[in-house]
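Trainee: In case you want the letters, here they are:
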Amino acid sequence: MSGGLAAAASTTSTGEALQFWVLGTIAVLGALCTILMRKAVHSALSLAGTMIILAIFYLANGAYFLGIVQIVVYTGAIMMLFLFVVMLVGVTAADSLKETLKGQRWLAALCGIGFGILLCAGIGNASLKSWNGLGQANSGGNVEGLAALIFTKYVFAFEITGALLITAAVGAMVLTHRERTERARTQREQSEERVRIGRNVPPLPAPGVYARHNAVDIPGLLPDGTPSELTVNATLRGRGQIRDVSRESLAELAALEQRSKRWLGRKTDETAASGGDAETENGENTANGENGENAGSARNSRGAAK
Amino acid sequence: MSFPLLTATAVVPALGAVATAAVPAAQRAAAKWVALGFSLVTLALAAIVLVRFDPGGARFQLTESHAWIKDFGVRYELGVDGIAVALLALTAVLIPFIILAGWHDADPLEGARPNRRWRPTQGFFALILMVEAMVVISFEATDVFLFYIFFEAMLIPMYFLIGGFGDRAGGRSEEETATQRSYAAVKFLLYNLAGGLIMLAAVVGLYAVTADQLGTGTFSLQEIVQARANGHLNMASSTERLLFLGFFFAFAVKAPLWPLHTWLPNAMGESTAPVAVLITAVVDKVGTFAMLRFCLQLFPEASKWATPAIMILALISIIYGALLAIGQRDIKRLIAYASISHFGFIILGIFAMTTQGQGGATLYMVNHGVSTAALMLVAGFLITRRGSRLIEDYGGVQKVAPVLAGTFLIGGLATLSLPGLAPFISEFLVLVGTFSRYPVFGVIATVGIVLAALYVLILYQRTMTGPVKAEVRSMPDLRVRELVVVAPLIALLIFLGVYPKPLANIVNPAVDHTLSVVDKKDPRPEHPVTDAGWFSYSPKSEGASHDGASGGAK
Amino acid sequence: MENLIGLLVAAPLLGAALLLCGGRRLDGKGHYIGTALAAASFVIGAVLFADMLGRGEHDRALHSKVFSWIPVGGFRADVAFQLDQLSMTFVLLITGVGTLIHIYSIGYMEHDERRRRFFGYLNLFLAAMLLLVLADNYLLLYVGWEGVGLASYLLIGFWQHKPSAATAAKKAFIVNRVGDVGLSIAIMLMFTTFGTFTFAPVLTDVDNASEGKLTAIGLMLLLAACGKSAQVPLQSWLGDAMEGPTPVSALIHAATMVTAGVYLITRSGAIFESAPDAQTAVVTVGAVTLLFGAIVGCAKDDIKKALAGSTMSQIGYMILAAGLGPIGYVFAIMHLVTHGFFKAGLFLGAGSVMHGMNDEVDMRKYGGLRKYMPVTFVTFGLGYLAIIGFPGLSGFWSKDKIIEAAFAKGGTEGWILGGAALLGAAITAYYMTRVMLLTFFGEKRWVPDEAGNEPHPHESPSSMTIPMIVLAVGSVFAGGLFSLNDSFLKWLEPVTGHSHGDSPLSAATVTAGTMVVLVIGVALAWAQYGRRPVPRTAPRGSLLTRAARRDLLQDDFNHVALVKPGQYLTRGLVYVDHKLVDGVVNGTAAGVGGLSGRLRKLQNGYARTYAVSMFGGAAVLIAATLLMRAV
Amino acid sequence: MNPVNYLYLAALLFTIGAAGVVIRRNAIVLFMCVELMLNACNLAFVTFSRLHGNLDGQIIAFFTMVVAAAEVVVGLAIIVTVFRSRHSASVDDASLMKL
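As you go down the protein sequences, you meet chains A, B, C and D in turn.
So in the working numbering the end of the first sequence lands on 306, straight run, no missing numbers.
So in the working numbering the end of the second sequence lands on 1554, straight run, no missing numbers.
So in the working numbering the end of the third sequence lands on 2631, straight run, no missing numbers.
So in the working numbering the end of the fourth sequence lands on 3099, straight run, no missing numbers.
There is no bait here: all hints are sound.
Listed below are the simulated PhoX-like cross-link pairs for lysine-lysine, each with C-alpha atoms no more than 25 angstroms apart in a straight line:
| id | chain 1 | residue 1 | chain 2 | residue 2 |
| --- | --- | --- | --- | --- |
| 1 | A | 102 | A | 39 |
| 2 | C | 2162 | C | 2365 |
| 3 | C | 2371 | C | 2444 |
| 4 | C | 2601 | A | 98 |
| 5 | B | 1399 | C | 2162 |
| 6 | B | 1469 | C | 2162 |
| 7 | B | 1399 | B | 1469 |
| 8 | C | 2564 | C | 2579 |
| 9 | C | 2162 | C | 2564 |
| 10 | B | 1521 | B | 1501 |
| 11 | C | 2029 | B | 1399 |
| 12 | A | 102 | C | 2601 |
| 13 | B | 1521 | C | 2213 |
| 14 | C | 2365 | C | 2444 |
| 15 | B | 1521 | B | 1304 |
| 16 | A | 39 | A | 98 |
No lab work stands behind these hints: they were computed from the structure.
Please model the entire structure based on the sequences and the hints provided.
Mentor: Here you go:
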C-alpha cells in the first residue's frame, strides 16, 4: 500500500501490481463462477470470494475503513444473509441453465461484450496518466478523514441513509412476517378433524421403506410399488427433492432372478461356495414371486435385523 | 408602461371560462349569462383596440414585450397589425353570437333528470371562451414560440367541444351518433396534432438557425424580419424551404387545404352548429392568418419557391370543395365543403402575392367568418327544429317559416358571394389579384363562382321551396333569440358589402408591408391609363365628383 | 342635380328594404308603397331628363361620386354614377315601364297573400337595374348586373311551392352566373390592361391596348351579354323563366333586364370597334339568336313561351345592331325602347288573357276572345302590329333601320346579316300572327281546368288595363316620335357616335323588302291558323316543329353535355373523397396500429427481456456519450 | 502499474454482473449479480478517490454499501415472500407484466 501514500505519483509499487494481477484474475474468475454455477450456494460462495478480494483492493487503494467494512458488512453480513435465504429457498435447488427465452443468451453476450468494450474504451479515453494518491487526505488517518466528511459535508445524506436502513429493516420484517390470525390448533383438534374428514385418519405414513435408505427424502412405496408423495415432507416436496427408488428395487429383483437362473443352470464350485446364500435367495425368490408385499416386509425386517 | 390592452383581450375570456366553469351545477342559466357577459366585455376591449389602432402608424402597435424563457430567447411578445386587428375584431364579434346561438345546445336532454353534479352546460360555454382566449392570443402573438403554444393548445378545448357536445339532431341512433362524434373529434385532433408536431420541429429548427447565425437564438418575428432585412440572417435556401414546409403544413391542415381537408366535414357535421361556426369561422382562420404572418414573412424566398404548388392545391380546393358540396346530402357537411372551397380562395389570394390578392384574402377571412356564421347558424336552427341534417328531409320550409328561409337565403347568397354582400368584394379582389399575376389560375378560379351558385341554390331549392313536407308543416319561425343572433350578422354582411372602406383601410398597410417583406411588387398594367377618373370625360362635374357622400345609395 | 342620381336608385331600394323587412303590418299597403316609390323614381328621372334637355348637346352627361367603395392598392372602385343620354334613355324606360307594371301588378297579384313581398322584389329589381345603367364603372355595373339576376331569381321563383318555378329560377340564376363569369373576367382583363375599369378612361384610351387583349375583353363581355340577354348559347333559361308571374315576364324578361346585354355592348362600343373579331362574334350571335328565337316562337303553344321566343329573337336584332358598330348602336337602343313598349304590352295582354281564363296558358285552348276582352284585344293587337313592323308603328321604324344597317355592314357579311334579319322579320310576322289568331280569333276552344270550373273570360280591372293602354299608345307612337327628324339619333349620337354605312340597297328597297316578307309571314300564318279550325291538341308536326317545341333541343343538349357529366363527376368525387383521400389517412392509421401490434409482442412480460433491453440501452448511451466526446 | 487498471477491473466485473442479471433465472442469484455490480462501482469509486486524492469517492462507496445492504434486505424479503406464495424463486414465473 505504499503506492497509496505517494503523492502525485505516476505508477504504483510492483508489489501492488503483482497483487493486482493475481487477485484480479481470481476476482474475475469468482465473478464468472457467480453467474455460471448451477447451484445458488456455489454462486454465493464465489461471490463472497470476489468480495473479499475487492476488500483487499480497497485496502490497497488506501480505503482502509472501507476495506474492513467490506469484509465485515458485505462478506460477513450480506453474503450470510444470502446464504440464509438460499437455505430457506433450497440449498440444492439448482435451476437448469437451459435458456427458455429465445435468443436471450445471444443478446446478453452481445450486449455484455459491447458494453464492456465501450466501458473500457471510455476509461481508455480518460487521460489518467498522472494521479495524486491519498497522501495528505489520509494524513489524519483514513477513518478520521471519512468521519470528518460524513459528519460535515455529507451529514444529511448520512442521516437519510440511516432512515433508509430503518425503513428497509421494517419493510423486510413486514414482508417476511406471517401474521397468525387464529390460535394454533391442538393435537386433539387436529386428530378430531382428520376423523371428521375421513382422509388419512392415522398419522401420515413414514418415508424411507427400505433398510438401505431410510432417509426422509425417499417416499414409501404403495402396494403396487409406486412411490407415495404423501410420505415425504412438504418442504422437500416443494423443492422437488424426492428421490424415487421404486424402480431400482424392481431392477434388483430382475438381477436376482438372473443370478438364480444361472445358479440353477450349472452347479460349479465357485457357485457352490455361495450355495447357502443362494438357497435362501431362491426360497425368497419363490415367495417373492407369489407375494411381493410379504417379501418386502420380510426383507425389511431382515434389513432391520442387520 | 401603459395598460396591457392586448393581454386583457385574451385574459378576459380566459377568466370568463374559469368563472363560467365555476358556476354551481344548479344555475345553468346563470352560467350562460356569465359567459355571454364576458364575451361582450371582450368585444368591448376589441372595440377599444380597433379604435386605438392607427392604420397609418407603426407596423405592430399596442405591443407588449416581456422576457419569458430567457435561455431560449422566448419572449412574451404581443402586437397587432391591420390583419390581426381585423381578425381579432371578427373573433370578438362572433363569439357572443356563437354563445347566443348555442344557448340550449348543452342543456340536459328532455326527460333526462340531471343530478346535482351535472355541469356540461358550464363546460360548454367555458370551453368556447377558452377557445376564444387562445385564438385571440395567437392572433396577437408576434413571438413564434408563444404563437405555437396557443396554436396547439387550442386543440384541447376544441377536441372536447367536438367530442363532448355533438349534434343531437343526427337522425341516427344515440350510439351511432356517439361513435361518429368521437371519430370526428379524434380525427380533428390527430390531423391538427400531426401538423402541429411537424411545425414544432420547424420551430426548433428556426431557433437553431437564428441561434447559429445571430449568436442568440430568438423567436421574435420582428427581430428575425429585421435580421433578414439587414442581412445578418440569411438561411440556406434548403433550410429555409424545409422550415417553410414545416410551418406551412401545420397551417394547411388548420385551414383545410386539399388534400388535408377531410377532417373538416366530419368535425363540422358532428358538432353542434355554433361549434361548427367556431371551427370554420374562427379557429381555421388562425391557419390562414399564420400563413400571412409567419410563412411569408419568416421565409419569403421559400414562399415564392412554393407558390406554384400551393396555388395549384388551392385551385383544387376551390373546385373540389365546391363539387363535393354539390354532391352532399347533409346540410352541415355541404357547408363544410363550401368552406373548404372558400379557404381555397383565401390561400389563393395569399400566395398570389399582390395587394389585391392578400388584401382580398384578409377581407375574405373576415367576410367568410361572418357569412358562414350566418348560414351555419340558421342551418343549425333549422336542424334543431326538424331533428335531421339530411337535405331530403326538408322541403317548402319557406312557406311555413319565411323569415328563417329569408335569412337562410341571404346567408346562402353571401356564400355564393353575391355583389352587394361582403364576400363578393373579397372574392373579387382575390380573383383580380390572382389574375393579374397568374391569368390562367384566375380564370380557373372563376369557375368556382358558378359552382358556388350551384350548391347554394340547390340547397335552398331542396330545403326551402317546393311543396311543404309533412314533417316541417308545424315548424315555428325564428324566435327572438335567434333573430338577435342572425340579424346583426346579416346587417354586418350588407354593411361590409356596401362600405368596406374602413376595413380595407385598416388592412391595406399591413398587406403592403407583408409584400414589402416578401419583396413583391404588383404587376403594372400593360397600358396604364394616363388619368384614371371622370374628369377627362365630362368637364361638367368637376365640383360634383367631390361633393359625393351626400348622394343616395346609402 | 348630381345628387338626384343617387336618389334615383335610392328610392326603389328604400322601397325594397321597407317591404322586405317591414313584416306583416305592411301587408295592407305594401303595394302602394312600392308603386309610389317606383313612380317617385320615375319622376326624378323625368326631372333629370328635363334638366338634361336644358343643357347643351355635349355637356349633358352628369357624374356623381357617392363614396369610394373598394380601395385596395391600385384597385380603386367607386360607387359613382354617370348619367348620360344612354343611361337616361334606360332610366326613363325602366322607371316608366316599371311604374306601369307596378300598377298592373296591383290588380294582377290581388289574390296573392305574398303580394307585399312581390312588390318588394319588384322594387329591388328596379334599384338593381338602375344601378346597372347608372354605374360609371364596370364593377358597379356588375353589382347591378347580379342584382337584377337576383331579383329575377326571386321573381321567377315567386311561386316557390311549384317545383317547376323553383327549378326555373335556379336555372336562370345559374345560367346567368355563367355569363357573369365572362363579365368578371372582362373586368379583370381591363384591370390588368388599363389599371382601371371605369368607363371613361378605359373607353377613351382603348386604342393603346393590344387588339388581342381587346378581343378577349370583347368576347368576355359578349359572354356576359349572352347570359343576361338569353342569346345563344346561354338562352335556355328564358323560356323556363316564364314560370314567374306575368308582370315579371313583362318587366324583366321582356322590357328591361334582358336588354342589359345590349346596353353592355353599346356602352363598351369603343372596345368592340377596335376588336373586329369580337364584333363579328357579336353579330353572329345576334343573327343566330334572332332566327333561333323566332323559330322557337313559332312552335310554342304556351302563349308566354311564344312571346319569350319572340323576345329572344327581338333581342337578337338588338345585339346584331349593336354588333354592327356605330351604324347600329342608335337603332339597337331605339329598337330596345320600342320593344320595351310593345313587348311589355304584349305580355301584359297575355297576362290579362290568362287572368280571364283562370291561368290557362295554352293558346290552343283560347280562341275567339276578342269580344270577351276588347281592351286587351285592342292593346294586344296594337302591340302585335308594332312588333311585326306594321308601317308607321314603333316596330316598323326601329326594325327597319336595323335591317338597313345590317345590309349597310357591307360585303358578303352584310348580305348574310341582312338576309337573316329579313328572314327573321318574316318569321316574326308569322308567329305573332299565329299568336293573335289562336288567341283572339277563331271559335272558342275553352276547356274547364282540372278544378272543373268553366273559364269565364272577362275584361281585367282598370288597374291592369290602364298600363296596357299606355303601353299600347307607346308602342304605336314611340317609333314615329323617335324617327321624327332623327331626334333619337341626335339624342344619342354624342354618346354612341353614329355613321352611315354604305348600304348596297337604298332605304326604300329595304323597306319594300320588309313589307314583302311581312305580308308573306302574315299570309302563311293566316293560311295555317286563320282559315281552318285549330285542333285543341297540337298535331305531331314536322321534325323541326317538334325540335322547336323542345326549344330546339337546347335543354337536352345541356342535359347531356353538362348536367349528367356533372352529376357523375360529383358523385364520383364524393366517393373518391370518402374512399381515397380519407382512405389513405385511415389506412396509415391502420398501418400504425398493426405495427404497434407487432411491437407489442416484444413486451413478453419477462423481466429478463426488459433487463436485456436496458442493458443494450445503457451500452447505446455510453456509445452516444463517447461519440459526442469524440466529435 | 497505473491504478486505472482497477477501473478496468471494475468495468469487467460490472459487465459480468450485468450479464448475470440477464442470463440467470434464480432471483437470488440475480441479486448476487446486482451486488457484484454495486461492488464494481464501489471499486471504481475508491479508485477515483485515490486518483483525485480526496475521500469523497470513498464516502460515496460507503453510502453505496449502505444502500446496497438495505436493498438486499428488502429484496431478499420479497424473494422469500414470493417463494412462499408460489414455491419458486424463478423470475420467469412472474411474467405478470404482460397485459
